[in-house]
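Trainee: Here's the letter readout for the chains.
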Amino acid sequence: MTPEELEKIAAKEEQARAHIPHTIDVCLGTTCMALQSDKLKTALEQEATRHPVGSKCQVRGVGCPGLCALGPLVTVKPEGDLYKQVKPEDAHDIVNSLGAEPVARLKCDTEQPFFKRQHKIVLENSGSIDPERLEDYIAAGGYTALLKCVTEMTPAEVIDEVVRSGLRGRGGAGFPAGLKWRTVAKAAGPRKFVVCNGDEGDPGAFMDRSVMESDPHRVLEGMAIAAYAVGASEGYLYVRAEYPLAVKRLKQAINQARAHGLLGANIGGTAFTFRVEVRLGAGAFVCGEETALMASIEGKRGNPRPRPPFPAESGLWQLPTLINNVETYANIPTILRQGADWFAGIGTSKSKGTKVFALTGRVHNTGLIEVPMGITLREIIFDIGGGIPDGRVFKAVQTGGPSGGCIPEEYLDMAVDYESLASVGSIMGSGGMIVIDDTSSMVDVAKYFIEFCKSESCGKCVPCRVGTAQMHTLLELIASGEGTRHDLERLEALCDMVKSTSLCGLGQNAPNPVISTLRYFRDEYESRLAG
Amino acid sequence: MTTPSQVLTLKIDGQDVTGRADETILQVARENGIHIPTLCFLDSLSPLGACRLCLVEIKGSPRLFAACVTYIAEGMEVLTKSDRLNKYRRMIVELLFAERNHICSICVANGHCDLQDLAREMGVTYVDFPYRYPRLGVDASHERFGLDHNRCVLCMRCVRVCGEVEGAHTWDVAGRGIEAHVSADLDFPWGDSDTCTSCGKCVQVCPTGALFKKGVAAAEMVKHRSFLVRLTAMREEAE
Ligand SMILES: Cc1cc2nc3c(=O)[nH]c(=O)nc-3n(C[C@H](O)[C@H](O)[C@H](O)COP(=O)(O)O)c2cc1C
Ligand code: SF4
Ligand code: FES
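Protein sequence lines, in the order shown, are assigned to chains A and B.
Using my numbering, you'd call the opening residue of the first sequence number 1 and step up by one each time.
Using my numbering, you'd call the opening residue of the second sequence number 1001 and step up by one each time.
Misleading hints may appear alongside valid ones.
Straight-line Cα separation of at most 27 Å, DSSO-like style, residue types lysine-lysine; simulated pairs [claimed, not checked]:
1) Lys-84/A <-> Lys-120/A
2) Lys-1201/B <-> Lys-499/A
3) Lys-107/A <-> Lys-84/A
4) Lys-39/A <-> Lys-77/A
5) Lys-300/A <-> Lys-248/A
6) Lys-39/A <-> Lys-12/A
7) Lys-1201/B <-> Lys-300/A
8) Lys-499/A <-> Lys-1081/B
9) Lys-251/A <-> Lys-148/A
10) Lys-499/A <-> Lys-116/A
11) Lys-499/A <-> Lys-1087/B
12) Lys-1011/B <-> Lys-1087/B
Since the hints were derived computationally from the structure, they do not count as laboratory data.
Take these sequences, add in the hints, and give me the full structure.
Mentor: Encoded structure:
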């Protein structure tokens, strides 16, 4: 496909839409589907056929608009009304309201900070396009960046653009994406690979799932641009098998893109070829670690191995491999469309762009949000999140998943970026954000995360395999009121040792929830000690 | 640009040493008589970096490096002993003793055990962690050998020798984390294995009494490992 043909598809799509005065968009993301939004969609379709305005109305399935707490969500266009907690019984009233007064009892305020304070790049299409239709993505400007790259830019120019954008990896460590791309581009090898990490094993995290479900082509486009930039012609999308909807949509998207010459051989009529396959993970947290993930793709047990050599030099089948997170790739098409300077203008000096967070726990508006880097935790939790329900009091926010830490009230006004989160003992991580109120004990919170790491440890290295098990035992002792001061000392010694000596990031970060709760909530541990 | 055969100079524990660019810190240290404790490492098997006993400090980095998998570099300054390293190594050995049921006095490998040697070296006279006392089995289904999971330290030497040297790949690891265990074929009884050639290499490389010859009594299981280096050397020559 050429850029002109792409434009034609977009124009045709626009035209077709102009003939339909009303659209009803039903969220078919995993959360809303769990609340039977698929049945709701059928009900709306049936209602539409029965109704006189039916012929002028189209019911579409779309991705996640973000406010999962109030699902199933329905958006009516062009009015722009958002309806919450919609049931199939409401279909009649919604269809009837088209072109008339909105259904007041279902209306969700779209002027509230939850929507107004967000800045959507990665999620720009989520909830507004049908993820199962390539034409929808193209109409939203999709694949123009890829075709521009392959027809107008050299690989080095693409990399320069990504470097200048300041984009950092969204999978956890925040490594500069452009630098990684350049390393892979420079690495010598007869073949190279591009891998997308869609394992997302953090408890409570669903950012990547949502992106893959709501806008699968965006991830593919990002990967294809990366492949062009680093000189790879094969790619793997590693997705956990617990994400069947994401897998289905990705596979569908790959087939559509291939059929339109946007993936496969001779993309954009050039010599550039890129083939992608989806690989399923069995849902082990450790398989999100890059070396374990690649072992798993190779069909081996998903155990991490020591680095160096880094994947950029020796990855899949010992060949140079670029591995990035879903959200990292999802930023790429927009960066190349809008330019590096535009992207670098968002965020803070060292953390550019936006970050998607899965906001969960004791907060009113749980769901998926995308905010500019540099926003404060207070804005996220109290403005966007709507504060703590049931009149309870904020106690801490856990960021970064099991590898992260708990941040207390005193740092709520801190700007969210990679460095400041690290400075208070947590990490950005992949974007899990769990709000904890005064009904939770921090010892229990720490125990929960250690239990998770203990059962997710691969068992290869001694500090993580046995150390996390011992930490869990000691935490249970302390939580039950039977722990002694000596047990607490042993726990702290283990934190230091497991962190310093474990082979991979799982063990190296597993103690973080304990270390941070000990740092800010030590009295909760002390008060539980026996004697 | 360094090539594998290039000779590099570095310092280990203040001593000036040289090594080839494709040598690890552990190899160069050993050539120079500098002792670094190891457990998962065994000469002629691929290094694993799993036990973490060989961790060393490298000047200029706050991180620790496993000497068995870290290649030397020009001008590197390595420290193999420090209070910090000693503390961690001792804890690793303590964690291993607390993990399963190591009762030396009744063990076939008593007196010939790498874990015991390490404990002696680190001065581990007591274990300051709760013993886990897991209920683990003994696989006595093989006609000549036995596997006592109570004594296994998951060094993966058996897995590697079986896959890399014997080429049978009977052994692997099943389960995860603290539940991980060595398994024959698809977690079958060893005696039912279709792939095992009964060569006994795994028994010889096992650092403890976990893999043993049937019929030996306490302290009688002496392990012979010199075959491994010789065999590998002969194979390399043949190539
Ligand atoms: C235990 C563990 C789990 C991880 N899980 C994920 C994951 O689910 N998704 C992800 O993108 N990165 C994960 N990572 C980070 C990856 O190893 C790797 O750094 C990342 O995929 C690189 O992509 P990025 O540079 O785009 O962030 C994990 C790391 C560790 C140590
Ligand atoms: S740190 Fe944990 S997960 Fe990583 S290699 Fe060691 S045992 Fe496996
Ligand atoms: S000997 Fe190096 S990690 Fe075990």
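Trainee: Do the alpha carbons of Lys-39/A and Lys-12/A lie within 27 Å of each other, as the hint requires?
Mentor: 30 Å, violated
Trainee: Sort out whether Lys-120/A lies within 27 Å of Lys-84/A, counting only the CA atoms.
Mentor: 21 Å, holds
Trainee: Does Lys-116/A lie within 27 Å of Lys-499/A when you go C-alpha to C-alpha?
Mentor: Outside the cut-off at roughly 40 Å; violated.
Trainee: For a C-alpha distance cap of 27 Å, please report whether Lys-499/A and Lys-1081/B respect it.
Mentor: Between Lys-499/A and Lys-1081/B the Cα gap is close to 19 Å, so the pair holds against 27 Å.
Trainee: Is it true that the CA of Lys-39/A sits at most 27 Å from the CA of Lys-77/A?
Mentor: 20 Å, holds
Trainee: Is Lys-107/A close enough to Lys-84/A, meaning Cα to Cα at most 27 Å?
Mentor: 6 Å, holds
Trainee: Given the hinted pair Lys-1201/B and Lys-300/A, is their alpha-carbon gap at most 27 Å?
Mentor: Holds, at about 23 Å.
Trainee: Starting from Lys-1201/B, check that the Cα of Lys-499/A is at most 27 Å away, please.
Mentor: With a Cα-Cα distance of about 35 Å, the restraint between Lys-1201/B and Lys-499/A is violated, given a limit of 27 Å.
Trainee: Just to be careful, I want the Cα atoms of Lys-251/A and Lys-148/A compared with a cutoff of 27 Å; is the pair within it?
Mentor: 24 Å, holds
Trainee: Against the 27 Å threshold, does the CA-CA distance of Lys-1011/B and Lys-1087/B hold or violate the hint?
Mentor: 23 Å, holds
Trainee: Checking one constraint from the list: CA of Lys-499/A to CA of Lys-1087/B, max 27 Å. Satisfied?
Mentor: Distance of about 14 Å is within 27 Å: holds.
Trainee: Below or equal to 27 Å on CA atoms is what counts here, so check Lys-300/A against Lys-248/A.
Mentor: 24 Å, holds
Figure legend: structure checked against the earlier numbered hints; hints not met, in rising order: 2, 6, 10.
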